Every structure is written in C-alpha cells, then in structure tokens.
Amino acid sequence: MNANEQVEVAERDAQRFRDVHQKIKTEVQRFMVGQEAVIDAALTALFAGGHVMLEGVPGLGKTMLVRSIGQAVDVPFSRIQFTPDMMPADIQGTNVLMETEGGGHELQFQEGPLVSSLVLADEINRATPRTQSALLEAMQERQISVGRRTIKLQEPYCVMATQNPVEQEGTYPLPEAQLDRFLMKIQVGYPEIDEYEAIVDRTTAGKEPEVNNVSSSQEIMELRDVVLSVPVPQLAKRYAIQLVVGAQPNSEFAPKIVNEFVSLGPSPRAVQSLMLASKVRALVEGRFAVSNDDIKAVAHDVMRHRIIVNFHGAADGVTADRVIQDVLAHVQPPAV
Amino acid sequence: MSDLHRTPAEVRAELSDLARPVAREMRRGFVRQQTRRLRGLVGPTIAFPVAYLFLALLLAPLGISVHLPWYVVVPLMFVVPCAWVLLRWQRAQQQRVADAVALRAIDRELQLADRMATAHEFVAVEQPSGFQLAAIRDAQQRIEKARVVRPATPPVEPDSPRQLLLAGILAAVLVWFASLVAVLVPSSVAGSDGELEVAMVVPTAVEQPRDLVEQPDPKLKIPEQRTPRKAQQDSSSSSASEDETPSDASRRGKNPIGSGRSAESRAAAGGGSERGQPSNQAQSTKGEKSAKPKAKKKPKAKKDEEQKAEDQKKPPQESGSTLGRGSGKGSSKSPTASPWSAKDQVVSDDEQDPEEDEEIDDENDESKARGGVQPNLRQRKPPVNRDLQISMGSGKPQDDANGRGGPGGPKKQRGVAQLVLGVTFPDHVSAKPNPGMSKITQERIEPQAQQGDSISGESRGARAAPMGHLSRRVLSPWMQDLVRSFYLSLREEGGPQ
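Residue numbers (the numbering used here), protein chains in the order written: chain A, 1 to 336; chain B, 1001 to 1497.
Honestly, the hints are just simulated from the structure, not real lab data.
All of these numbers come straight from a predicted model, not from anything done at the bench.
Ideal Cβ placement from N, Cα and C applies to all residues, glycine included.
Any given hint could turn out to be false.
Among chain A residues calculated to face chain B with C-beta under 8 Å, some are [as the list claims (entries may be wrong)]: (1) GLN6; (2) PRO233; (3) ASP293; (4) ALA297; (5) HIS300.
Which chain B residues stay away from chain A? Per the calculated CB distances, all over 12 Å, these [unchecked claim]: (6) PRO1008; (7) VAL1031; (8) LEU1086; (9) VAL1101; (10) LEU1112; (11) ASP1138.
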C-alpha cells in the first residue's frame, strides 16, 4: 500500500468514526436533553475502551443516558441496581439447581447481569466493598471467575456506573484501586435553564421518543482500532506525562497546591487514559493526531477521580478539579 | 491550492520556509523585549553603589579610605548598567528560535491545534503510518493560509521607568553614604597602617622609662590629627599634671607622682594623673581592658619586651607600701596594689565606653575562673521565681513571673488545679433547694357537736400583794422643790458632798 492509499484509508476511517459518533450522539440527544459534554465524555469512554463513572445528584438523567447509549448501540445491555445486601453472586452469577427433562436435577450456572457488554451499575456506592470488588476483575481483566469457572466477557465491554454525591449515609465509597479502573469520572450538572422546557415536553407529553440502533458491537470494536491508530506527537506525549506528574505531590512539575493539599496523585494509568481519551477527541475534532488542546480538554474528566485531596485540603474546600486547574495553569506545554 | 501529493521531504522544506521568517520575527521580538525591559536594570544600577558602600564599611575599621572623587564615581555608576544592557542584547541576538517553536506559534495564532508542529515532527519519521501521513497532508492544506497570515508577536512595551528612577535615587544615596563613610574614616582612625600602629604605642610609651621607650621610626610619623575629645583630654591632663599642686591632686583623690614609692603605686598614680593613659599596672589588669582596642594592634613580641622591661625596673614589692596613700584611681577597696584590687578600680568616663562591650566577656571569664560554680554576683538579678502557689484567680500580674512557676491564676482556676482538694471555686449554681412534690388531700368530714364545761362567774377582791418594781416615780412639783431646797441647804452647810 503506497502512501496515498494509506492516507485515503486513514481519512476514511476517521470520517467513519466521526459519522458513527455523530449518529450515536444524535440518537442519545433525542432522548436526553442538553448535557452535551456528558454525552461526549460517555461516548469517549465507550470508544476508548474504558469505563465511566457518572456522578450527580438524583434526577439529572444519568441512568437514562446510559440506557439510551445502550439502545443506540446494539450491544447487550444490563442494569444492576446496587443495594447494601447485594452479594457478588448476584452480579456475577451462580450455580442454580435446575430440573432436567428426565425429571432429574442438575446444577447449572446462571450468568449474572455482569455478563453483558454495556453494564449500567446504578448507585454503585450503595453496594458493599465485597460486591464492588467483584467488579474489579470484570473491569480490568474483562472476565469473571466464579468457582472454577472463568467467563470471558464479550467485547466491547463497558461499565457505566452512577453515583450519588449526596446521601452518603449507608454507602461505601469506592476504594482508590477501583476508582483508578474508570477511564473517566464525569460530573453531571444541572441542565441549562432553556433546556427545562424541552425536558418537560419530552417527558410529560405521554409519548417517549424512541432511540434507534445506529451502530453495532462489531462497529464499535472496529472504531476502537481506529482510535488506537491515531498517532501522538512527542511534545503532546511529554505534555501529558508532565501533567500527570505535576499532579503528584513533591514532584518536579507540581504546583504549590499539589504539594500542600494532595495526598495521592494520579498513577501511570492516568497517562494511558489521557492518551486514549485525547485520541478519541482528536478524531471527533477532525484531526489525525493528538494535540495539546485535546489533552487539556480531557484532563479534568480523566484525572478527577485519581487525585485524593488530604484532610487539610478538604477542610479548606480544595477539590480535585481545582487542583487540576492549577496544574494545567502551572505546567506549560513543552516548546521543543 | 498547493499540490497535496508531495513527498515528506518537500513538505518539510515548505514547513521550514514557513517557520524561518516567523522564527526571525520571534527573535527580534525577543531582542526588543530584552532590551526594553527596564525592570532588569534595577540590580545593575545599584550594584556599584552597594559594592562601594560595602567596601567602605569593610575597610573603615582598618582605617583604609576608599574615597573616590565624583568624576570617577559617576562614570562607574553607568558602566555596570550599560554593560548589562549590552550583554543582554548580545545574548538575545544569539538566541535561536527552532522551527518547531515557530510553527507552534503559527498554530497558536491560527488556532490550528498544533497541526503544523505535528506535521513538522511526522515528516521526520522514516516510515510514517497512514494517520501520520494524513496529519502531514492535513497540515499541508493549511500552509498557504499560514503564509498569508503573520503571527502577531506580542507588543513589547517598555516597563515603567519608576522602578529604575527609584533605583537611581537609591544608588545616589548609597554612593553619597559610601563617600561619607570613606571621608570620615581617616579622621577617626589613623590614616594608614603605620600611623595607626604608632598611635597605639604612644600612650604606653609615656609610662615607660626613657631608656625603654622605643624610638619611633623616623619614617613613621605620629599623627597630629586626633579626635577632639582625645585632644581635649590630653591637653587637660597635661596641663593638670603641670599646673596642679599636690593638694589639688589629692583633693581629687589622685596623688602626685612622688619619689621613693613603689613602681606599682607610681604606676597607679600615673594612671590618675594621666587620664586616659593607663599605667602598665592597669594594663595588666583592668587598665588593659581600657587600652585593649589599641593594645590588640600591638605586636605581641613588643608587648613581651615591654613587660620584661617593666619587671626588671620593678623593685621588690613591699607589702602595704601604698597603704594610706590612696590609689590614684580612688579604689574603694584597699589601696594595696594587687591584681584583684586593680581590677576593681573605678575607671574614668572615657574608658567606660569601650569597656561596655567587654564587660560580658570579662564576667564570663570570671565565672570560668571560679569553676563556673558560683553565679556572678554582679548581675544583681532576682532569682528565678519557682513559686508554685496558686494565685486563686486574683489576676494580679506577677512582676517576677517568668513562666517557671506554672500557669497563672485564671488558668489554674480552669485547669487541673480546679480538681485539687482545698482549692475553692465559686458555686455558680443559682437555684433553690428542691421543695419536692406536694400532695393535697381533701377529706369530706361532717361537723360534730362537742360538749364544753360551763364556767361560773365570781367577784375578785383588791390586790393584797406588793406592787413590785416601778420604773419611775413621778414627784409632784412641791415635793421636787422640797428635795431641791434640802440639798441646797446641805451644800451651804458644808455637808457631805
């Protein structure tokens, strides 16, 4: 394949990506009013092959967003409503005594809702750590182990979890190890004031809009390969590394706020996530390589849940977003 | 529209052509920025004055004057800033702006999201991937647009000259002060090293016998210039020694120099007559301290020679040889010249000032000489208050409180002392004792008639018993007159009073 053909293939893949992304987004927006940045972030996680955590107060449409994405992309979709009494077997699956045709009985493994492609883990912080840890293997290894049985999960596999920042009584905050496995943590805020009217019209008129299947799991997998083939310039790579290192306390690029108020900085997994999310954004923006602007744009969503503010920071009202803001202002893109 | 089917090398050359003028313009802007930045000139402007002042202050104790005339100072003040500007301009000229930096500036100006810089990097890749080639072609489409638009270099505005003006004023003040220091130094201290040495030797030489006094080197001249105070002292002391009668001197507690005395007493007397010129005796003890700043400059060998000569000259010391004659310094202790008595001699005012700095050292030395066991009683400081008595919240400030007695009264009332038995504390409970619950019981009882004994009436007779004590008996007027006349007649007759 000569250079021109390579360029044509790349341009065609990039164009296809943009088309599919736009189709899914349009379908989701038929159901979901506003929240464009949230939809983009959720689709970024889907195309980058990561998992996403949606955090927001009740009533903002988190569950509806995930359900609509599952309907727009023709992939197996399952929903788990986490409760404190839920056990790992409830989500992974367990052996059930079944009656055979001959009148006998045998133990059959019945898969739990985790065995799916798009999993909505609703209110994940209400489950006990034991049940939450059952998600770890599924999210990272893309497989679940029950007894001696190991089940490979079907790709594309994406866990979209929701979490309520209020009503923390009786909840179990996710451990850092599990938080790190999420590619992004998206803050879902209130809609704009002019979007309320559309919300009322769509949800109280008695006719809910339908979301059509505009893509498939196969197409999602192909587009994931396209994402992985987006090159990253050396300067952008260095900038992403400096940003992540800058959010680690007492590092070379750390600003004052990090040294004072951050107890735990992002891991190297954050650089991987920054690169993957930046690649998706570069394709969405119609470019063929990652730029510093892409890294800046996804930095908040990628690093937010990977920065743990210490006690003094929490007492002073310092949030992870403020830390990231200061890191972005402090770490300048390398010139050469 | 440029041809999109070009080789990476051609694209690279195009990008370099695009970057070159921008890099040149950026370098010019950098030079302008460097040369117009007045803020950086503040340091070099005051560099020379600070160095001048530092040198003047450093050499002042040594008596070396670094006074420079104004026609030397003023050019030197301008040399350093001008050299600084020249150096900075030269460095800015040598600054090279890489093509990648220039292309990044173009990207920023045209909001191309690093397309040019990315393409510049990808054209250097030996076997670029499809996406890298697509990125190069993507940038190639925008080269023509980038040629038209020149990235705007940030306008370089010179800094406010206010800081530089203030720095200039500060530099002038520093130079003036340094000149002042340099001018004043020779008047207070000798003008050169040689002169300083001779000036230090002179007071000691007055006390020594003629044959032991070193003849000053003819090359070294004794300085004529002294401080007014010193000159006044010298003149007054010399005139006093010449004109005063022995009675005048003794009235001041200073004996005239007499023959036949011990060398030590003579030395003490000499110390009294020559104020400000301590004797050799005084030099060995307290007087040594008064002459210390100058004596320190004296070579040690010379000092030893003088001491040896003094010892040879000194006759065997008589015990109490100066008893009753009084020390020249007017010591309150025994005039017997001993090292300890000499140490306690009262020093004159002009000797007091230089000694103040050394008092603490001497006291420390004394304390060390006693083995550090006894405290120095000269300090007369009150002992540390170790009273742990609770002040019961009186709130009076303790003058001798130094924190070793524990917390103050209010704190003790609130703290652990509150729990100690015997420490009273006010009862803040303002209430009445609980009366308890009261119960009212009502019973329905019918009234019942009761029989009572009847009493029969009888007459009562006159009182037969004595009346008893009456508090006052009222006399009638005639009876009062009778009693009065009785006593009057009794007095006239000289009866019982």
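Checked hints:
1. Hint on A/GLN6 holds. Least Cβ distance to chain B is approximately 4 Å, under the 8 Å limit.
2. At a threshold of 8 Å, the smallest CB-CB gap from A/PRO233 to chain B is about 5 Å, leaving the interface hint in force.
3. Checking A/ASP293 against chain B by beta carbon gives a least distance of about 5 Å; that is within 8 Å, so the hint holds.
4. Annotation: A/ALA297 was flagged as interfacial toward chain B, and the flag is violated, the nearest CB pair being 10 Å apart, outside 8 Å.
5. Hint on A/HIS300 is violated. Least Cβ distance to chain B is approximately 18 Å, over the 8 Å limit.
6. Against chain A, the non-interface label of B/PRO1008 is violated: not every CB pair exceeds 12 Å, the least being about 9 Å.
7. With 12 Å as the threshold on Cβ separation, the claim that B/VAL1031 sits away from chain A holds: the shortest Cβ distance comes to roughly 18 Å.
8. No Cβ of chain A comes within 12 Å of the Cβ of B/LEU1086; the nearest lies about 27 Å off, and the non-interface call holds.
9. At the 12 Å boundary, the C-beta of B/VAL1101 falls inside the reach of chain A, the nearest C-beta of that chain being 5 Å off.
10. A Cβ of chain A approaches the Cβ of B/LEU1112 within 12 Å, the least distance being about 9 Å, so the stated non-interface status is violated.
11. The Cβ of B/ASP1138 does not lie farther than 12 Å from every Cβ of chain A; its closest approach is about 6 Å, which violates its non-interface assignment.
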